[in-house]
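Q: These protein sequence lines map, in sequence, to chains A and B. My numbering numbers the first residue of the first sequence as 1 and each following residue consecutively. My numbering numbers the first residue of the second sequence as 1001 and each following residue consecutively.
No wet-lab data here; the hints were simulated from the structure. Some clues are possibly wrong.
Stated by the list, open to error - Pulled from the structure, derived: some chain B residues nowhere near chain A, Cβ distances all over 12 Å:
hint, residue
1, L1156
2, L1188
3, G1190
Unchecked claim - Derived, one-sided and incomplete: chain A residues facing chain B with beta-carbon distance under 7 Å:
hint, residue
4, F167
5, T181
6, G183
7, A394
8, I395
9, G430
Don't be surprised by glycine CBs; every beta carbon is placed ideally from N, CA and C.
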Amino acid sequence: MIEIMFGSLFAMLTSPQTMTLMLIGVLCGLIVGVTPGIGGRLSIALAIPFVFGMEMVSGAVFLLTMHAVNGTSGQISSIMFGVPGDGDDAATTLDGYPMAKRGEAGRALGASVTASGVGGIFGAVVLAVMIPVLEPVVMAFSPAEFFLMAMLGITFIAFLAGGNQIFKGIIVGFFGLALATVGTDPYTATPRFAGDFLFLWDGISLVTAVLAVFAIPEMIALSVRGGSIASVSMEGAKFSYRQLFEGVLEVPKHWWLALRCSVIGAVVGMIPGLGSNTAAWLAYGHAVQTSKNPERFGHGAVEGVMAPEFSSNAREGGSLLPTLFFGIPGSSGMAVLMGAFIILGIQPGPTMMTTQLPLVWTLIWALVVGNLIAVAFLMVIMRWAAVLTFVNGAILVPFIIVLAVIGSYVNEGQWENLIVLAAISVVGYGMLRFNWPRAPFVIGLVLGRISEESLHKALGLWGWQFFFRPLSLVLIALILSTIAFAVYKNLQQSKAVPQLRAAQ
Amino acid sequence: MMPSLTKYSNSIMTVFILAIFVVMLIIASRYPPGARFMPFVLGIPAVLLCLLQLALDARERRLTAKAAGLSDVEQAEEQASRLVGHRVHFDVGDMLLPKTDLDPREQIRRELIAWGYFFGFIAGIILFGFHISVPIFLVLFLRLRAHASWRMTIGLTAVASFVLFFAFENVLRVSLHAGFITERLMDLIGG
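The whole structure should be built from the sequences, with the hints applied where relevant.
A: Below, the structure is given as structure tokens:
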């Protein structure tokens, strides 16, 4: 184990190609993080065409570092201008912006960026520690359990997308699974839902579907919404490097808080569907509750800036756990990342514990090294990175659309994919427009083929009896209880309305 | 969340996906048993879930109608109360909540324009190829939609087109679609 662990680090650090790609990944991730309108999953979706045909390890390192450092630069606009780029950045805004207003923007940024980096590294450590613990659990899973795990993943993500949206989420997940059945059936060689269109016989391109569900609808929505945050004053952007360094030193001073909040983040990450939002707010709440002076929070407490950052970045390492070993993405970003891994030839599941362990360690080291590079990079370019916050969203739209369309085409080199892209984009926009969760769709699509194979294998091995295997029964119980809890929660919510009206 | 178009707009997506699953089941029923197994395993529960969702949509409409007479702040309080399970009061006094939603007609107009650009771009690529369509799309969008200056539009389009074509054709060695009309014209000129 020790040999694999350090062998992977040595191989990564001595590979000029991997290190160059990691640097590019870090830079792209930081730029995407600070630019309004482009989320982490969108950036991964847009980067997939560039890694197509790339060597597996280098491509995976590039994508993972790009995804992992995304949140590190996201808090710049929250602290400097009080404009959170994302949900988890909102927690940082509560204390970061008051600090900037009283002339401590540099201290807040130094603390938050370092906290983010430390959190990211801690998440990777948790992932590393969990490998030997999880090994017997993962190896105990059979094809039957993998099919049910896919169902559980969809149910979980659907539930956590919003308790009242559980059925919408499951329907969308089934839609993704159904779309994965397009193409030649692996058992009878019958072309399903492909008609005479030969390009569909290999199935719907995952890259095209991901771009269609995330990239195009987001860009259409951004184009419809328009605007930027350019009206915000640049006053808060003034800070000195001395302040930045003071902020960095706040992290070792609060090492105990760092440890506790990172654990919260990593654990939240391991539970599929609990977003970085939850991780950040849980850590913020914990910091307030355990503080000797909770009244300082909300008025510029440096702990309030660090706590969400420790947690939301530690979550990345935690969420790699279900993604890599169970094939259940921990978040929509991880779902897109998992799709990209599959395109690169990485098959999540038990083999990650056996034949692919060196790759797992490379990914863990990539998280550590990537975060270190990101923090160092940001310390230098912070002042200039802030300017990106002022980019007008409408100017970004055509470039991202062009990238998405080219990405969809180069994936298989077929112009027909552009029509598929346009068609699925309409469905994707419908989901966005009518507030349907989109993450379960990607998970369904990514897991579609694996689920079908697992189901066939399970039926071949045990017949319908596979539903009554002990582990299967546990998973079925989890699926049913998740749905039952969502229904119960909805009923409780609707009961609150008459009570409210009576009180009025 | 974007503004509602009609009373039944919350069911549009449900009906649309229900229709897709029904068509899927009809088509799958003609396949051999092995091939139709998975579409049936997914399609039948999905249809049932869509029907359940339609019922939930109707219930949501009823609840929304009940809240129609309330002000924005009261509606927000009611939503928050439903979420937390007890009464919530927002102490905002006379402050008006900022209105971020667009007028539904304006919303649809903007959406149609945005989709027009996108579909036009896709059609342009298929017919005229990437080399012609990408610069034209960028110029039109930047100038007419993003209201960028001519200098910025031309500069960004030139740099982006050069970088993209160089990256894909020279570095990644990907040959981009030339477009059916462009190919035909090139053949005519060449021939």
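Q: Does each hint hold? Answer for all of them.
A: Right, here's what the structure says about each hint:
A cut-off of 12 Å between C-beta atoms contradicts the statement that L1156/B is not in contact with chain A; the least separation is 8 Å. Chain A leaves L1188/B outside its interface by the beta-carbon criterion, the shortest separation being 21 Å against a cut-off of 12 Å. G1190/B, annotated as away from the interface, keeps every beta carbon of chain A farther than 12 Å; the closest lies near 21 Å. Restraint check, F167/A versus chain B: the minimum CB separation of about 5 Å is within 7 Å; hint holds.
Interface restraint check for T181/A: the shortest CB-CB distance to chain B comes to about 5 Å, inside 7 Å, so the restraint holds. Contact between G183/A and chain B, as hinted, is not supported at the beta carbon level, the nearest pair being about 11 Å apart and thus beyond 7 Å. Residue-level restraint check for A394/A holds (minimum Cβ-Cβ distance to chain B is 4 Å; threshold 7 Å). For I395/A, the shortest C-beta to C-beta distance to chain B is roughly 5 Å, which falls under 7 Å, so the interface hint holds.
The restraint placing G430/A at the interface with chain B holds, with a minimum CB-CB distance near 5 Å, inside the 7 Å limit.
The structure fails hints 1 and 6 (numbered hints given earlier, in ascending order).
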